[in-house]
Amino acid sequence: MDSVLPNSLRNAPDARGRFGEFGGRYVAETLMPLILELEAAYEAAKADPAFQTELEYYLKHYVGRPSPLWRAERLSKELGGAKIYFKREELNHTGAHKINNCLGQILLAKRMGKTRIIAETGAGQHGVATATVCALFGLPCTIYMGAVDVERQKPNVFRMKLLGAEVVPVSSGSATLKDAMNDALRDWVANVRDTFYIIGTSAGPHPYPAMVRDFQCVIGNEAREQLMEAEGRLPDIAIACVGGGSNAIGLFHPFLDEETVKLIGVEAAGKGLETHEHAASLNKGRPGVLHGNRTYLLQDEDGQIIEAHSISAGLDYPGIGPEHSWLHDIKRVEYVGVTDAEALAAFRLCTRTEGIIPALESSHAIAHVAKIAGHMDKDQIILLNLSGRGDKDIFAVAQHLGVEL
Amino acid sequence: MSRIAGVFAGLKAEGRAALIPFVEAFDPDRATSLTLLKGMAENGADIIEVGMPFTDPMADGPTIQAAGRRGLLAGATLKGTLALVAEFRADNAHTPIVLMGYLNPICSYGVAAFCQDAAKAGVDGLIIVDLPTEEADLVLPDAGKNGLDVIRLIAPTTTDERLPKVLEGSSGFVYYVSITGITGTRTASAEDLARDIPRIRAATTLPIAVGFGVRTPEQAATVAKFADGAIVASALIETLRRENAEAVLRDVKALSAGVKGARAA
Chain U
1 MDSVLPNSLR NAPDARGRFG EFGGRYVAET LMPLILELEA AYEAAKADPA FQTELEYYLK
61 HYVGRPSPLW RAERLSKELG GAKIYFKREE LNHTGAHKIN NCLGQILLAK RMGKTRIIAE
121 TGAGQHGVAT ATVCALFGLP CTIYMGAVDV ERQKPNVFRM KLLGAEVVPV SSGSATLKDA
181 MNDALRDWVA NVRDTFYIIG TSAGPHPYPA MVRDFQCVIG NEAREQLMEA EGRLPDIAIA
241 CVGGGSNAIG LFHPFLDEET VKLIGVEAAG KGLETHEHAA SLNKGRPGVL HGNRTYLLQD
301 EDGQIIEAHS ISAGLDYPGI GPEHSWLHDI KRVEYVGVTD AEALAAFRLC TRTEGIIPAL
361 ESSHAIAHVA KIAGHMDKDQ IILLNLSGRG DKDIFAVAQH LGVEL
Chain R
1 MSRIAGVFAG LKAEGRAALI PFVEAFDPDR ATSLTLLKGM AENGADIIEV GMPFTDPMAD
61 GPTIQAAGRR GLLAGATLKG TLALVAEFRA DNAHTPIVLM GYLNPICSYG VAAFCQDAAK
121 AGVDGLIIVD LPTEEADLVL PDAGKNGLDV IRLIAPTTTD ERLPKVLEGS SGFVYYVSIT
181 GITGTRTASA EDLARDIPRI RAATTLPIAV GFGVRTPEQA ATVAKFADGA IVASALIETL
241 RRENAEAVLR DVKALSAGVK GARAA
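If you read the protein sequences in the order shown, they are chains U and R. Per the working numbering, the first sequence starts with residue 1, numbered consecutively. Per the working numbering, the second sequence starts with residue 1, numbered consecutively.
It is possible that some hints are incorrect.
[Said to hold, decoys possible] Straight-line alpha carbon distances no greater than 30 angstroms define the calculated DSBU-like cross-link-like pairs of lysine-lysine that follow: (1) R:Lys165 x U:Lys46; (2) U:Lys114 x R:Lys12; (3) R:Lys12 x R:Lys145; (4) U:Lys77 x U:Lys371; (5) U:Lys110 x U:Lys46; (6) R:Lys165 x R:Lys38; (7) U:Lys371 x U:Lys331; (8) R:Lys79 x U:Lys284; (9) U:Lys378 x U:Lys77.
[Stated by the list, open to error] Restraint-style ranges between C-beta atoms, simulated for each label pair: (10) U:Tyr57 x R:Asp160: 55 to 61 angstroms; (11) R:Arg242 x U:Gly272: 41 to 47 angstroms; (12) R:Arg242 x U:Glu404: 43 to 49 angstroms; (13) R:Ala93 x U:Ala47: 57 to 63 angstroms; (14) U:Gly272 x R:Leu73: 23 to 29 angstroms.
Worth flagging that the hints you see were computed from the coordinates, not collected in a lab. Positions of the beta carbon are idealized from the N, C-alpha and C atoms, including for glycine.
Use the sequences and the hints to build the structure in full.
The following block contains the structure:
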């Protein structure tokens, strides 16, 4: 099932880590030997059945995979069109898809003999997932988090600390996710020999975008099999939210060569694509180089990076994974925008009709489904990646609804 | 011979190493930067490194980051930085200027246009921190066409096997990042340098300058014993922040004396 054709869209990246003109390895020389070492170690692990068996063990018994495929009947009925299925990544241990990647990377870190883990986090979901696997494997862990995010995501900061992680607030720059990533890279430069950097999304220098994608492909592979079992066919549309884009690429990748499957990535349009407060790098940005890869970025005329905005901290990033930039340019995936207000409405819609509180990130994808499902036939199928649960977001949502908790 | 090669040839004849101080463009304003460039050249700077401010300088420590942010707040752009160099160059034909920065603003400007305009402004070399040898074909052709030296970073993590590859296409001098870490933090010891510099020397005939963590005249002197140049950045930015441009020039003078005395002692 997983065989890849020579002219497949699934062969990227090339030997230089490029997806078309995107990706690559734009890092300081200090990191370059490390990146090359990581690439070699990952290639070896990927080809080693023992590594895959070990990963599968943890995914099954620790994460709880496979995650269910849920037919969202009440939501489908309410929208009055296509049949909607949720791939329920929010049921994973720690409540999101992030753990799939963290487990893969920490097993690789152990294999490479690394003794210390670092990571960046925005909302804290990747930080919590990283702290979790570090607790599981008994490795010390330092999480870099923008000082602004530390302030607005207190429950996750506390979770990380309970799990034994050191949380370092980053106050340089704009004190959010991109600055946390800068500081994690600085830590790595200073501690190259013993430290493994677990990047949380499908961005960064090669091999990270490909490696994170590979670890997240379990989402699309499972969903494909589960849908074949339930419906005997592939979906008409597969849809996911994109910040850095790891949950989306994990869902999309196994469908890239299926011409009948339309793929839709949903960017955070914040207060509107016509404003300056959004995180829509593909719709409103242009190609540039940041955090080790060439990709679409929010930047000003002089090439300075512009702060992103989204109600959802997980989508609040001025760049996007390079593979998405490529899929956007070749028009294999359609990338659309959903505003804060639309995401909030979808958050309530999903909660009310399905009894599932979705993450604000995933609510962006639900909001777009709400726009299109009604225009589709009843026998058409939408596969939506419900990438995370919304418990972490109830404070933010309450605030927007004017409710005091 | 390029201006940079000329300086190193002259210093070799004198039997001493170069002092390469750093100025972040527009920190805290354009006038101060111009004063520093002129004053450094008059107070013992052999080459001057000029930082091009960027919002996300991932290899720099807090001091240079903050300087870049102040520069941006003061309105620094690549165009503005080139104009600053051009104004300096109008009165000074001999002190090489090396621009240090990150790739994105250069890509945004357009690599070809940037190399052309930089050469026209009197820039002699480029240090692009996030452009490793693997990606250098993006800039090398245009830099070469315009007579700009592309100065490569070498790190303690760069293996002997990797050295020739990293040095491929580099010119002017080699910038040895003497510690694994960010700018302005730790300092390499004499033992470190005695071990590391000959390793690089064996792989290149280019002069070797040492940066990252060189702060005092004594440290500059230690570096000058082993290498062909000492780069001082964070310490001077701190002096500027704490005192003023005059105090920076005082420090440059002292650093220069340190470098000059190194091999005489």
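Results for each hint:
no., hint, in the structure
1, R:Lys165 x U:Lys46, "27 angstroms, holds"
2, U:Lys114 x R:Lys12, "44 angstroms, violated"
3, R:Lys12 x R:Lys145, "28 angstroms, holds"
4, U:Lys77 x U:Lys371, "14 angstroms, holds"
5, U:Lys110 x U:Lys46, "14 angstroms, holds"
6, R:Lys165 x R:Lys38, "36 angstroms, violated"
7, U:Lys371 x U:Lys331, "21 angstroms, holds"
8, R:Lys79 x U:Lys284, "24 angstroms, holds"
9, U:Lys378 x U:Lys77, "9 angstroms, holds"
10, U:Tyr57 x R:Asp160: 55 to 61 angstroms, "40 angstroms, violated"
11, R:Arg242 x U:Gly272: 41 to 47 angstroms, "45 angstroms, holds"
12, R:Arg242 x U:Glu404: 43 to 49 angstroms, "46 angstroms, holds"
13, R:Ala93 x U:Ala47: 57 to 63 angstroms, "59 angstroms, holds"
14, U:Gly272 x R:Leu73: 23 to 29 angstroms, "27 angstroms, holds"
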